[in-house]
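Kindly produce the complete structure, drawing on both the sequences and the hints.
Residue numbers (the numbering used here), protein chains in the order written: chain E, 1 to 349; chain D, 1 to 349.
No wet-lab data here; the hints were simulated from the structure. A few of these clues could be false.
The list makes no distinction among identical chains, and a pair is therefore deemed to hold if it is satisfied within one copy or across any two copies.
Stated by the list, open to error - Derived SDA-like pairs: lysine to any residue, alpha-carbon spacing no greater than 25 Å straight-line: (1) Lys9 x Gln110; (2) Lys9 x Gln34; (3) Lys210 x Leu15; (4) Lys41 x Leu105.
Number of protein chains: 2
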Amino acid sequence: MSTMADVAKLANVSLSTVSYALNGTRPISEETRQRIFAAMKTLGYRPHALARALASKRSHIIALHFPTPERGVGPTEIEFVSSASNTAIQHGYQLLLWSFEVHDLESLRQLTQQGLVDGVVAMEVHLHDDRINLFQEIGLPFSLIGHPADTTDLWYVDTDFEQAACEAISYLISLGHTQIAFLNQSQSIIEAGYGPAVRAQASFAWAMQKAGLENAQRFCSATPAEGYAAFDDLLAEWPELTALVSINDRAIPGVIQAITDRHWRIPDDFSIVVLGSSAAVAELMFPALTTAQPLNAELGRLGVELLIQQIEGQEPNQETQLLLRSPLVIRGSSGPRRGVLASTGEHSV
Amino acid sequence: MSTMADVAKLANVSLSTVSYALNGTRPISEETRQRIFAAMKTLGYRPHALARALASKRSHIIALHFPTPERGVGPTEIEFVSSASNTAIQHGYQLLLWSFEVHDLESLRQLTQQGLVDGVVAMEVHLHDDRINLFQEIGLPFSLIGHPADTTDLWYVDTDFEQAACEAISYLISLGHTQIAFLNQSQSIIEAGYGPAVRAQASFAWAMQKAGLENAQRFCSATPAEGYAAFDDLLAEWPELTALVSINDRAIPGVIQAITDRHWRIPDDFSIVVLGSSAAVAELMFPALTTAQPLNAELGRLGVELLIQQIEGQEPNQETQLLLRSPLVIRGSSGPRRGVLASTGEHSV
DNA sequence: ACGCTTAGTCGAAACGCTTCGACTGCATCT
DNA sequence: AGATGCAGTCGAAGCGTTTCGACTAAGCGT
Chain E
1 MSTMADVAKL ANVSLSTVSY ALNGTRPISE ETRQRIFAAM KTLGYRPHAL ARALASKRSH
61 IIALHFPTPE RGVGPTEIEF VSSASNTAIQ HGYQLLLWSF EVHDLESLRQ LTQQGLVDGV
121 VAMEVHLHDD RINLFQEIGL PFSLIGHPAD TTDLWYVDTD FEQAACEAIS YLISLGHTQI
181 AFLNQSQSII EAGYGPAVRA QASFAWAMQK AGLENAQRFC SATPAEGYAA FDDLLAEWPE
241 LTALVSINDR AIPGVIQAIT DRHWRIPDDF SIVVLGSSAA VAELMFPALT TAQPLNAELG
301 RLGVELLIQQ IEGQEPNQET QLLLRSPLVI RGSSGPRRGV LASTGEHSV
Chain D
1 MSTMADVAKL ANVSLSTVSY ALNGTRPISE ETRQRIFAAM KTLGYRPHAL ARALASKRSH
61 IIALHFPTPE RGVGPTEIEF VSSASNTAIQ HGYQLLLWSF EVHDLESLRQ LTQQGLVDGV
121 VAMEVHLHDD RINLFQEIGL PFSLIGHPAD TTDLWYVDTD FEQAACEAIS YLISLGHTQI
181 AFLNQSQSII EAGYGPAVRA QASFAWAMQK AGLENAQRFC SATPAEGYAA FDDLLAEWPE
241 LTALVSINDR AIPGVIQAIT DRHWRIPDDF SIVVLGSSAA VAELMFPALT TAQPLNAELG
301 RLGVELLIQQ IEGQEPNQET QLLLRSPLVI RGSSGPRRGV LASTGEHSV
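Given below as structure tokens:
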């Protein structure tokens, strides 16, 4: 591989001139610029990223901390990743993938202190997330996909799960449903402070209360078997249930089976709306799920862009705390309440 | 951040001695080693990855070329990625993610010639894959997840789709099925030379012929709607069909719906076996799919390990061309042929 | 005609490491 | 006793860039 020195020699200029020509750091006469670029071309010169990084103290490498979620690595997560990588490359950065678990602060500290990365995008943010302290302590730029309880001075982008929950409920109510349950993630995940689950749950409770409806909730780990059991439990307690909102897509196949085993049909006898699932997942189920569908690719893109703006010390060209709506995509799993025409508005406490 | 020079000064040795102590490149007396490590500790010294990389001509960074598949980015793919990243880190490497498309050789050339990466793991390998020539021309170490038609001198790991297809067929035959169809990916993907689809198809044809059965095949793009249509077509041509083998998981929901619309039940009236889907996907469907389930995490790990062995010029501690079986995991979508006891072995041509 | 700015260029010093060659003792071999 | 070898250490020359200070020549206002 040829170096800048080779180019300089061939173009008959000094090494630093080549650098200035390449980066536009200082003015260069049109004529020498031509000569230099010609020389680069004949030599097939490519700047050496590592050397550049070392000298400029900017590696143009960022990391995506993509911890395997407690609920298991799910099919929804991939969209972030490729979108983030593409965005990074478009901006002249490279994206490293770190996928050790959230609480492995020691690994995180080691990797960040090697001077390799200019910044980190952190996913799977919890309400209290120690990684934030770590980054601040080290003085490393970072952005978040997700957000903690205290968002002072943080740059983040997240799905607005509160909006998603409210919209799902309004939609179901508009279809005549009044007995609606919320199927959450497992209790331990809530207790660990996993934002989406906590916020969706709170928002569900609030919206139901505001609508004067009963708040039926159930924790559930992310397996079909648990989904099945959870559905039975919910129905035992609230036999009039006609609809379910869930943020736990991996439990849904169990719910569907439980419904089928009752000889009910979806959506004629029972409606399901899922929060936070990607289209790819929603369309694997039968019937395809109605979802409040997060803009995952957007999240990945914005997370990276926020980080890069921070690294480059730009004035942000947008808000630095973004909540993205997740549009409700209506598919086969939801419909009007059974017999809705005959019985609007009657619900017991 | 402190540097090796600081450590050297504090420990009262020369800079190079610190380097030798750190890397074990030359013998160092126990006493000075102690002093050096103590100094590192009090200074909180961390070696600077970029500087090390520049001096040693080894970045300890590898890239995973993870192109978005033609069939769309699917839920199955994520397992590779986090497994690859973790493996890399365990071996002291960092994993970059490149997710531009397979045929974007120009991007690939640019990124590989920056001197940033020590090697590349390439996914989504086609029967004729230009990336291989590119890597060989540049002289960059690489390994493949997947394999092309000509495997001379290549280091790769792949799922054995031929085994998977055969095993699926044997299994179905053992359940009494004799009219079995193969639901492929779309024709354009086959024509592009996408290995898994081509091999599974060929293997299906071969195994059916060997069993004296008819070879019913259909192309199908990766959507439920196409799956629905494809199933209808198949049944129009072969009305006695009782089972389906597919390598197209994203079309399956359509197939399930088509079956349900016929008032058939799975698996009582019709069996489905899917090749190449992860457990996460199989368990999203209802009934959960019987699959020949590739060991994706293993593939990711082995791909990275093959690459690292190559980079470090080690004698490979294993085969360098690996085909991994995908164990048949029997779930709810398959069962004995309807009325099998009364009618074994009769099948028309 | 004077100093002052500015465009255009050069040389050299970083950046933080690895690695080569050379040096000093001291133990070992013949 | 002399040669040989090895453990242990040092200094200096890279690795391929960026960037700082300095220099020259030309253009400008007064």
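Structure-based check of each hint:
Only between protomers do Lys9 and Gln110 lie at most 25 Å apart by alpha-carbon distance; the minimum there is 23 Å, versus 41 Å within a single protomer. In the homo-oligomer, the alpha carbons of Lys9 and Gln34 lie at most 25 Å apart inside one protomer (14 Å), although the nearest pairing across protomers, at 47 Å, exceeds that limit. Within a single copy, Lys210 and Leu15 get their C-alpha atoms no closer than 70 Å, and across copies no closer than 69 Å, so neither meets the 25 Å cut-off. Proximity of Lys41 to Leu105 under the C-alpha cut-off of 25 Å is restricted to the inter-copy arrangement: shortest distance 18 Å between copies versus 46 Å within a copy.
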